[in-house]
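**Student:** Sequence:
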Amino acid sequence: MTALNYTIDFDKKYATQDWLGTRYNPEATEFRLWAPTAQKVELIIYRGGDKCIYPMQVINEYGVYSTKISGDFLRAEYVFLICHADGTEVSTVDPYAKAVTVNGERGVVADPRPTDVPWPQALVGGSLVGMAAPSPSVSADKAVSSVPVTIPVIYELHVRDFSIAENSGMENKGKFLALIEKGCRAAGGVDQITGLDYLKSLGVTHIQLMPIADFSSESVDESNIKAKYNWGYDPQNYNAIEGSYVADLSDPLSRIRELQTVIDILHENGLGVIMDVVYNHVYKPADHPFEQTVPGYYFRLNQDGSFHAGTGVGNETASERWMMRKYMIDSITYWVRTFKLDGLRFDLMGTHDYGTMNEILLAVRAINPHIIVLGEGWNMPMALPEDLRATQRNASKMPGIAFFNDNIRQLIKGGSDDASSGFVSGAFGAEVQLLNNIRGGQNIAEPYVSAGQVIQYVAAHDNLTLWDKLSKSRPGESEDTRCKRQNLANAIVLLAFGTAFIHAGQEFCRTKGGDCNSYKSSDAVNQFDWERVAKFSNVGLYLRELIKIRRSIGEFALTDFKKINHIFKTIVAKNGLIGYKILLNAGCEQGEFSALYVFHNGREEAAEVFLAEGMYKVLVRDQKASVDGLADLAVGGGAVKIEPLSSLVLLKLCRDDAADGEGADKLPWFAKAVGYEIFPYSFYDSNSDGYGDLNGVRAKLPYLQELGINLLWLTPIYDSPLVDSGYDIRCHDKIAEKLGTMEDFKQLLIEAHQHGIRVIVDLVLNHTSDEHIWFKEAIKSKDNPYHNYYYFFDPVYKDGKRYPPCNWKGFFSESAFTYVPGLDQYYLHIFDKKMPDLNYTNPAVLRDMAAMAQRYIDMGVDGFRLDAISHLSKDLSFSDSVGEADEHGLVYDPSRFSNRPKLFDYLKKFKELVFAPNQIFTIGEVGGGCSPEDALKYADRDDGCINMVFNFDTCWENGAFWSIDKTDAEIKPNVVNLKRLFRRWYEACHDRAWMPVYWLNHDHPRVVSQYGNVDRRFESATMLATVLLFLYGTPFIYQGEELGLSNVTYDSLADFTDVGDVNFLRSEGNKYGEKELIRFLRRKTRLSARAPIPWSKKMIEDWKKHAPLPVYKPNSRDFAFNEAEQEASAVSILKYFKAAIGVRRAHTKLIISGMTEWPAFEDERIFAVRHQLDSEDLLMVANFTGEEAYFEPVPDINFSEYDILLNNCPRDEAAGRGIKFCDGKLNLPPYAVYVFYKE
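Numbering (our numbering), first residue to last: 386 to 1624.
Do not take every clue at face value.
Restraint ranges, calculated between C-beta atoms of paired labels, are given here [to be verified]:
| id | residue 1 | residue 2 | range |
| --- | --- | --- | --- |
| 1 | G1454 | R1401 | 17 to 27 Å |
| 2 | S608 | E556 | 38 to 48 Å |
| 3 | P499 | T392 | 33 to 43 Å |
| 4 | S863 | R1232 | 19 to 29 Å |
| 5 | P499 | D396 | 30 to 40 Å |
| 6 | D396 | P754 | 44 to 54 Å |
| 7 | G899 | S608 | 48 to 58 Å |
Calculated from the structure, these hints are not laboratory results.
We put the beta carbon where it would ideally sit given N, CA and C, even for glycine.
With these hints in hand, go ahead and build the complete structure from the sequences.
**Tutor:** Given below as structure tokens:
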């Protein structure tokens, strides 16, 4: 036979959609064969020892030969005799034959039809927790499933391996029928169920049968099956069933009946069936019906006419050819329809082109809408362009097809057959990659578009079994240790998003004696060892419970990456430990549990992780697992132990019970938190470049944890020109170069969560940088799509001069409008001119900003501080403001762009799109113009848009903000008024809204300078800390506050480089002398809060080395209060802070939920607050001044009944408890503070 050079023109001329093969009825049978290159085709029929030859005719221009023979030819054997153009004559089996004789030597006329057994509802997937499964909707006349299994678990099984062992207890050893034998037990004294009962006991949803289509007799002789063993990846007759698995070989049609019976009964028992198909190659191409029918067409050939062998098995089929594609579709749809298949596994799928695979998917889903199609997407040297192959790298072109994820396989156990190691065998460093795989194969090399494309597995029939691999990686280990590693690997797979896949035997530590390619090894190597099944029953029980847990968590049905990222939160990923939690979509409104926590410890020593306080149900711990729970676990907000080489899986109860079980603490986590704000550019410099950075924050996480912080707020970390310290954002999806990289940020999130610290980041919604791509596009033309992302206005002309649209003055002492010559328009900016305001009247702005926020949530942030949130809406009249104008005619009237009614429509939309679905924490900056009543519009617990608001009422009470005409001595706080402000906010909010309390942030003066006394720093700093920590609300500490840092003492106006200072000096500098200006700016500048933290004297010297100095210059007055010396000191502000935060956290419920009173409210020196709840009573009394003060207790306060929890005064041993009274009043030295408690 001579192969032709087949081109696309050949396909265009000869390809056909006509049916091929046989069509039987009792009156006549028609035979068809596509053979366009043949000179003649004849049909040979064998019946009862007779041989009859029938000529066939070409019936169309496509080369289809046909003949129709009258009579009943059911079970008749037949072949085609083909004469080729070169005179060669061959006899071949019909490529479409659906039944064959022993060893596939002849085709047999058959009439296969689906059985009448309806599809059972047992295959409906379900969920016990979280998301509900689809409700069943199955009609009795359906031939296939119309109900998906929502959380499939696939079990790969070789038919012969399962039952061939002498002690298997199954009658039909090595046969299909053994799969459905019930009531079987292993023989020989082994106490072990086998057969169908065993398969059902696993809890899997699908049995994936290794090849069951007819394979070569040279691999297994059907007439003597014990003579040879083979996996079956040697296809011969694609549409016929392998005879060695059939009990009755005497009737060729029994193959069809037996397989249908087996699948029907498996379905009735809740098990789907996936068929392993091998269309990528054949056993001997020269002898195959493909080659004998149309020589060279069905295969890819080399230039010399030899078979191309990119698959490594001697040949590869050419799916891109139209009739090979048709053949595959015809064959596969026959199998799916006739046998009611639930899935197809494509061997070496990368051999095929993705177009063919997509057409197959469409065809089979027309039969079974919920069929699973998966395959090996390996990229091998096939004779097909790489961009056309059905490989992993082209996954995005096949969104409905799943791929074996070798990435997770490699990370879990290492290389398949060598001695290398993976996570479970001690190779660490790729924990983040492993978590990306667990999230459904995200951010890895393969471009998967959803977790539905990912088959999560650690072992399959190829290569060493998992047990043998672990033996090779860790030789000499005990069986007990190796079982732990096996359990750990199984747990990682079964608790990952995607489709879980188990190789038969993973449940009993299956070994093949180190044989890494047992495709033709003996039964002794491959068969199920039922004694081993019984021996390692604990491993089997563990796997079964893991499967139950997986199938009970409805969220594992999710495949959409966005939805997965909404609920997936990384806790830890380093040094052999990974942990994550999955938020349960139903939440506490519909279910008992709020989150699933999963930890995997690959270390050989125990690990500890921090868990939020609450009650948990333990599902998996220390090599035991139970879907019903092993125990309840009460966590008080501390470390939980994970045993070596083990997994820990917990369900968090929605009710947040106290450890002693008394009542339910209904407070949200953020109401119980102690927050800490970091300005990263000046926090900690990890690389000595003069700027703080994200790795510096990571380095100080243990410090923050020890301090008692559990909520971290990062000011902007995004790419920025740094006109306003990062609040002018150039690119939201890039980290500022001086701070690090996006990977640094992601690792920071992971490590912060590991330390029990939640992280919120600044979300700057009001404006961008003028270097942002949106603004650069916006100023190109008025027709640009981004022009309407900002506010633009045509000029107003008066007396021939150009003016802005109105006289608004912005926050930075300049016009709120800047002219763009190229546009002949002005744009609005209420802050610096380099920070144009976004236009939320354009819905696209809100949509894009919400999408940006979602991306950060998907990374793992726990919430947002919403910068300048009160300014999103403007007075759209843009008319002149009325009021006192400056010399430029500008009027400062923030009401024109603050707290406008339309603002809340925008925030509600953000809540709808982002905040609420992700259950994140949000706190908005609303400025000094917001009353407590206004705050409720933002943060009302019932119908507010966000969780809390920051206001400035208590930050500038002493009048320092507009104090240029006053001396330092004149700037003093009014203690009564300060208390009045705090009480006003408390009374308005405590039963309707959560609220923060704080002294300062990155925009404010240092509180020791503002309200304390720099010369009595320890006393005033600790007093202020105590007052803050024992007020109602969530306390926020600003970086360095715990060190008692003070305002800068710069001596030159040139040092005041903050944009606010620069603009102030530009507009007001000529009105005052240098001395007054410096005095004022020392009190007001934002640089006081942004000066570098003095961690040590060496660090201070390192900062000084940078020439020119960075924007953030060290404050020399604070050098003596560096962290290193305070930590070394027996008494320090820092150590007091640690103690005070500890006391606060221990009594948070009392402070937040109790009744609050304000004793001595009218006293001008005393700041006191009292909290009472049930039998608990906490009283904080502080002297807010530098003079001695006296506190007169109310009648029900008897100090002898109280313990002293905190006290910043030196103890006077002669006085007993270190407190003094005068005429019944508590004596408080300057800045003294006490916290009393009784129960």
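**Student:** Could you work out which of the previously given hints the structure breaks and list their numbers from low to high?
**Tutor:** 1, 2, 4, 6 and 7
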